[in-house]
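FYI, this note's numbering numbers position 197 of the sequence shown as 197, with every residue one higher than the one before it.
Be aware that a few hints might be false.
[What the hints assert, rightly or not] Think about it this way: if two alpha-carbon atoms lie no more than 27 Å apart in a straight line, the pair counts; the simulated DSS-like pairs of lysine-lysine are:
(1) Lys196 to Lys97
(2) Lys132 to Lys228
(3) Lys228 to Lys163
(4) Lys163 to Lys195
(5) Lys196 to Lys83
(6) Lys7 to Lys248
(7) Lys132 to Lys105
(8) Lys121 to Lys97
(9) Lys108 to Lys196
(10) Lys97 to Lys253
(11) Lys228 to Lys195
(12) Lys119 to Lys132
(13) Lys163 to Lys7
[Claimed, not checked] Simulated restraints on C-beta separations:
(14) Asn202 to Leu3: 34 to 44 Å
(15) Val207 to Val66: 54 to 64 Å
(16) Tyr115 to Arg177: 21 to 31 Å
(17) Leu150 to Val207: 35 to 45 Å
(18) Gly160 to Trp5: 46 to 56 Å
(19) Arg149 to Arg101: 20 to 30 Å
(20) Lys163 to Ile234: 16 to 26 Å
(21) Pro246 to Tyr98: 39 to 49 Å
In case anyone wonders, no lab produced these hints; they're calculated from the structure.
In this text, a Cβ means the ideal position worked out from N, Cα and C, and glycines have one as well.
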Amino acid sequence: MALEWVKTIETPTTIEVWEYSAPAGRMNPEARRDDDSEDESERERNRDAAAYYDAAKRRQRHYRGVRWEIARLIDCNFDDSTKFLTLTFADNVTDIKYCNREFRKFIKRLNRRVYGTDKTKVRYLAVWEAQKRGAIHYHVVLFGMPYIRLSELREVWGHGFVKINRVDVDQRYNVGRYISKYFSKDVDEGSYKQKKFFRSQNLIQPVEERFTTLEPLSFEGYTVAFTKEYDQLIPDLYGEGGGYAPRKVRYTKIGKDW
Numbered sequence: 001m002a003l004e005w006v007k008t009i010e011t012p013t014t015i016e017v018w019e020y021s022a023p024a025g026r027m028n029p030e031a032r033r034d035d036d037s038e039d040e041s042e043r044e045r046n047r048d049a050a051a052y053y054d055a056a057k058r059r060q061r062h063y064r065g066v067r068w069e070i071a072r073l074i075d076c077n078f079d080d081s082t083k084f085l086t087l088t089f090a091d092n093v094t095d096i097k098y099c100n101r102e103f104r105k106f107i108k109r110l111n112r113r114v115y116g117t118d119k120t121k122v123r124y125l126a127v128w129e130a131q132k133r134g135a136i137h138y139h140v141v142l143f144g145m146p147y148i149r150l151s152e153l154r155e156v157w158g159h160g161f162v163k164i165n166r167v168d169v170d171q172r173y174n175v176g177r178y179i180s181k182y183f184s185k186d187v188d189e190g191s192y193k194q195k196k197f198f199r200s201q202n203l204i205q206p207v208e209e210r211f212t213t214l215e216p217l218s219f220e221g222y223t224v225a226f227t228k229e230y231d232q233l234i235p236d237l238y239g240e241g242g243g244y245a246p247r248k249v250r251y252t253k254i255g256k257d258w
C-alpha cells in the first residue's frame, strides 16, 4: 500500500481533508528552457510575461486561501451576539494606508468604550472594499459583542456612515461567503501592497492536524458535502538540477451533524 500524507482542518460544522499521494515521476526544468530560435529581446519578453503570470497566480492563491480562512474563523467564533458592521467614510477617501490606520484606531476606541480597558477584548475580523468611485469602506464581523447604541458607534467611528446588524444563526454559513467574496475581486499592484484582511488575535482557531497513513481513508457514514481530485507540482528535493514532481491530491469536505 502506498504512503499518503493527510492534512485535516476541523471547525464546529465541517471537517476538511486533504490526501496527498507520493510524488510520481519528475519534470526537469530544462524541458522549459528558452528556444534557441528566439532572439534575446523575445526571450526577455517571454521571461517577463512568465514572471508576471507567476506573480498573478501567487496572488490568486493567497486570496483564495484568505477567503477560506475567513469562512473557517467565522464558523469557529460565531455566537448569538455576532454582529455584522459596515463602516464608511463621509468624504471620498481613497488612501488605503490612511484608512487602515483609522480603522485600527477605531478598534482601540471601540474596545475602550465597550470594555473600559486598553487590553484587547474586542473579537473581530474585517476586510476593506473599494467602491467604483474609489472610496474605501470596511466590512466587519464582531463576535460576542455586547449591545451598543448606534449613536455611540457613530461617535466612536467618527468618519461617516455606520450600519450594524445582528447575524441570525441560519445565516452563519452565508456571512462567511459574503464577506470573503471581496477577496475575489481584482486588486491593482498599489492596493495589493496594503493590508486587506484584519483580525483580532483572540479568536478561536480551527483545529489542524497532519499525519501519514498506509490505509486509504474511508468516509463511509459521514456526510460528504464536496470532493475533488487534482494534480499538484511540488519541488523535487531529491533530483539533480532541481525540477518539479507531480502528485495527486484529493480534497474532501465533510459536514458535521448535517
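### Query
Honestly, which of those hints from before does the structure not fit?
2, 3, 10, 11, 12, 13, 15 and 20
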